[in-house]
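*Asks:* Each chain is listed here by its residues.
Number of protein chains: 2
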Amino acid sequence: MYSLKVPFFHFLRVLITLLFCSSVTPFYMPRLGTFRRTIHHDSKTIPSSSVPGFRKFYFNQKLDHFNYKPESYTTFKQMYVINAKYWGGANSGSPILAYLGDEEALYYDYKNFLTDHAPRFKALLVYMEHRYYGESVPFGLSTTKALKNSSIRGYFNSAQALADYAAVLLHVKKTYSAKTSPIIVVGGSYGGMLASWFRLKYPHIAHGALASSAPILYFDNIIPPEKGYYSVVTKDFKESSEHCYQTIRNSWAEIDRVASKSNGLSILSKRFSTCKKVKRASNLKDYLDNNYAYAAQYDPAEVDSICRDIDAAPIKTDILDKIIAAFEPATPQKGSKPCHDIEVINLEGWGWQTCSEMVMPISHGNASDSMYPPEHFDLDSFSNQCKKLYGVLPQPHWITTYYGSHDLKSILHKFGSNIIFSNGLKDPWSCAGVLGDISDSLVAISTVNGSHCLDLSAADSTDPQWLVQQRHTEVKIIEGWIAKYHSDHQASNKLSPPS
Amino acid sequence: MYSLKVPFFHFLRVLITLLFCSSVTPFYMPRLGTFRRTIHHDSKTIPSSSVPGFRKFYFNQKLDHFNYKPESYTTFKQMYVINAKYWGGANSGSPILAYLGDEEALYYDYKNFLTDHAPRFKALLVYMEHRYYGESVPFGLSTTKALKNSSIRGYFNSAQALADYAAVLLHVKKTYSAKTSPIIVVGGSYGGMLASWFRLKYPHIAHGALASSAPILYFDNIIPPEKGYYSVVTKDFKESSEHCYQTIRNSWAEIDRVASKSNGLSILSKRFSTCKKVKRASNLKDYLDNNYAYAAQYDPAEVDSICRDIDAAPIKTDILDKIIAAFEPATPQKGSKPCHDIEVINLEGWGWQTCSEMVMPISHGNASDSMYPPEHFDLDSFSNQCKKLYGVLPQPHWITTYYGSHDLKSILHKFGSNIIFSNGLKDPWSCAGVLGDISDSLVAISTVNGSHCLDLSAADSTDPQWLVQQRHTEVKIIEGWIAKYHSDHQASNKLSPPS
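Taken in sequence, the protein lines are chains A and B. For the first sequence, the residue numbers in this note's numbering are 1 to 499. For the second sequence, the residue numbers in this note's numbering are 1 to 499.
There could be a bad hint or two in this list.
No distinction is drawn between identical chains; accordingly, a pair holds when it is met within one copy or between any pair of copies.
Said to hold, decoys possible - Here are the simulated BS3-like pairs of lysine-lysine, each with C-alpha atoms no more than 27 Å apart in a straight line:
(1) Lys414 to Lys174
(2) Lys77 to Lys111
(3) Lys85 to Lys173
(4) Lys145 to Lys69
(5) Lys77 to Lys173
(6) Lys85 to Lys484
(7) Lys173 to Lys56
(8) Lys148 to Lys69
(9) Lys476 to Lys122
(10) Lys77 to Lys387
(11) Lys227 to Lys409
(12) Lys476 to Lys414
(13) Lys476 to Lys145
(14) Lys174 to Lys227
(15) Lys409 to Lys476
(16) Lys261 to Lys476
(17) Lys145 to Lys56
Derived by calculation from the structure, the hints in this document are not laboratory data.
Please work from the sequences and hints to get the whole structure.
*Replies:* Here you go:
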């Protein structure tokens, strides 16, 4: 039986694994494992080519925007990137599309939603790296080193990151004489949360936001555990194949049964072709767990493919053999034997973020039809583990205190405007996304067959019609915001004297 | 001729002097000087009696909301006060009126707008002290001592203060089972800025804001220097009496002329009955400057009274004698000779705030009809002086970066709701107030004869009809917000699952 006690790294592993918006950040995380199915991907999710015109810059960013100690004034080099190839030019009023970097180094020079539509908008493209990732780490450190220092990592949080983006965008507007250019911020996943929050906190800087696959409701128990991430993974697999779903559902106990034998872990290691011997059954289960989740998140076709392989086995095949048949081990290096690397991943920056403020109570839950064994998120246990790792307790109520999220519709339907919340309902994160319109201009666009951040990926000739339509709708809405911005701007502002 | 080089303390002195909302905080600052005219005031601006039912509490407040260093978790006791005497009770949905403390120790138990209307609203009253003032100083220090330490004073800023208020209000809602009680935040002057910003930044906590006499446009050169604070003082005096205005206008050069004599400062000291010898002519001029401004800000009747005394002198009376006739020196202590204390005041907390983020470029300006000699705000000189005082440079663009204010109407007319910006047009701070409606629910209420924060003072039988009407309008608007809150709350929130 799957243990009710939740292994700490399980959460973090899933989080770090799943929050990436692969469509904008083209590389799958190698730490995800080396299953062929998840490391090979189709043309929809990996950008097909680089785009000319990008120039990299560094902004002298204030370390602490919310403090005035001498040390708060320390600056670091924040990397940002401009592409002015398509821009209408200074004082043209042509918009700025600003990509808000998320929990990884900034990748920018590939085709994606921004480059696809820049010519239509005559947009200046700005991509900004999130502090403490990639090149944008204070004190010239690597993310890993910065995270080791309790004084240095404290500045690593979303409010500071949003203030960074505000400062860079004002600087860009000034530098490019773009006073009359409305800014539309774009982000996916964690970056999508940042985009929606940025529009809410800095409406005077961003005129609108496209927040793709942003699970802004995954805080402070707004989402009941049985309707969380894994309930969507379950649904995806169940919809693909009832037999497949049942097989996976039954496999966890079977892994435990084999593991409980005297040489059980050796048997599992051999049967699953793991690169190193399985140390605990939970490690193997987490690995499989992640791979199902990853498929559900990024590629419904992959779910179908896994299920086809599971279902293809003769009916009496051993459960584990059915699972094993669905995944092909990768070859770590030339000449070596193909194997599965199920090692626990290095959590890096996102591990810190979830242990400080981004506390999402993710668990399997205990829905009776779950594909996963029941599991309960224990905040106390989580907090204690974070305290051991980082010396400070997580602040699980801070995100909802600072950004809100409870009763979102009643609070925002007369407050705020110009945010698109887009979600693919195959994406497990959609469980915590905004799936209904809040007002005329705080709108939800959901696609039944969409996956994580799919709308932000580059258009492709093989795209289904609903995806073409989704992007078209998003572009039309953004065009409407920009047109309104200019008509409002032309109307004299009787309140503020000219500045 | 009045020097074009602006004495640094002049700004700060005016700032510290003028920003207080005397109607809510009942004591005039003694450091304002001891002119009879400004220390004695009428019943409209000083609360007439204390109100029963107040209880004082202390909240364990996080020192730094935007950082996760171990030291950020230090807590301090933030004082807040509850009056539940009028409240509708737990789960009643009756509102919370929350007073946001400003740049001084919290005074709360006097009659004012909140206590006057609490019975009508069945409101729970909450008054919160601003961090670093009064009892709410971290590390158990006094404001003075906290300001001496460059590490400690850094946490003293508006963003941290707003986050404090958010935390206290969520705590109060929980403690009083007031989940369905909408919160209306109320503040005046700097506290009015905080109220409007709180509604903009924390709409999920405050359902509306009454921002009285909040000069939120006094940043980053939104207000041209010739249309600033002193242009309204000039207008007030000119409207009271053209001769009075001309006399004051001519008096500055006359003070300089006398001061330039070999024993000029002694002559001035004697003629103006200063407690100590005048060290520089500018000290005397600043003192007079402040007193005219103070009268304009708080009491149009006082402006008239000063002008009556100036105008009462025979036409050929020496200019300075006319000025001297308008002010009667106070008696510092029993038995001593009446005199004017023109010493430079201790800036305390507000001095720090203006030298870090609240950089308001206040100067006499150079309007040709100004009652004051021309004066230019020199940001470089100001910044250097602040750096000398506090070791760090002011951040003059931070307020507009974080809160906005440029192009307010075009930015907010489709974003945000439920803020009343009230201003009295006799109040010099109204020059930087929001004086026109932004939208249906971001509304401006201006009164031609109103002074600083007058609407927040307690109702009095001698109140003019326009003041009665102003408060009535404000109360009706707030009632509308509360009614809408409840009707929205009753409509099911289809977005968020029950929490």
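*Asks:* Are the CA atoms of Lys77 and Lys111 at most 27 Å apart within a copy, between copies, both, or neither?
*Replies:* For Lys77 and Lys111, the Cα distance is within 27 Å only inside one copy (26 Å; across copies 53 Å).
*Asks:* Measure nothing new, just compare the shortest in-copy and cross-copy C-alpha distances for Lys145 and Lys56 to 27 Å and report within, between, both or neither.
*Replies:* within (24 Å within a copy, 46 Å between copies)
*Asks:* Classify it for me, Lys476 with Lys122: is the Cα-Cα distance of at most 27 Å met within a copy, between copies, both or neither?
*Replies:* Intra 14 Å, inter 47 Å, cutoff 27 Å: intra-copy only.
*Asks:* Using 27 Å as the alpha carbon limit, work out where Lys227 and Lys409 are close: within a copy, between copies, both or neither.
*Replies:* within (19 Å within a copy, 42 Å between copies)
*Asks:* Measure nothing new, just compare the shortest in-copy and cross-copy C-alpha distances for Lys77 and Lys173 to 27 Å and report within, between, both or neither.
*Replies:* within (19 Å within a copy, 42 Å between copies)
*Asks:* At 27 Å max between alpha carbons, let me know whether Lys261 reaches Lys476 within a copy, between copies, both or neither.
*Replies:* neither (60 Å within a copy, 75 Å between copies)
*Asks:* What label fits Lys414 with Lys174 when the C-alpha limit is 27 Å: within, between, both, or neither?
*Replies:* between (32 Å within a copy, 24 Å between copies)
*Asks:* When no copy is named, should Lys409 and Lys476 be tagged within, between, both, or neither for a Cα gap of at most 27 Å?
*Replies:* both (23 Å within a copy, 25 Å between copies)
*Asks:* How would you classify Lys476 and Lys414 at a CA-CA limit of 27 Å: within, between, both, or neither?
*Replies:* both (23 Å within a copy, 19 Å between copies)
*Asks:* At 27 Å max between alpha carbons, let me know whether Lys174 reaches Lys227 within a copy, between copies, both or neither.
*Replies:* between (46 Å within a copy, 26 Å between copies)
*Asks:* Between the shortest in-copy and the shortest cross-copy C-alpha distance, which are at most 27 Å for Lys85 and Lys484: within, between, both, or neither?
*Replies:* within (25 Å within a copy, 48 Å between copies)
*Asks:* Is it within, between, both, or neither for Lys148 and Lys69, if the alpha carbons may be no more than 27 Å apart?
*Replies:* both (22 Å within a copy, 12 Å between copies)
Hints 13 and 16, counting from the list given before, are not met by this structure.
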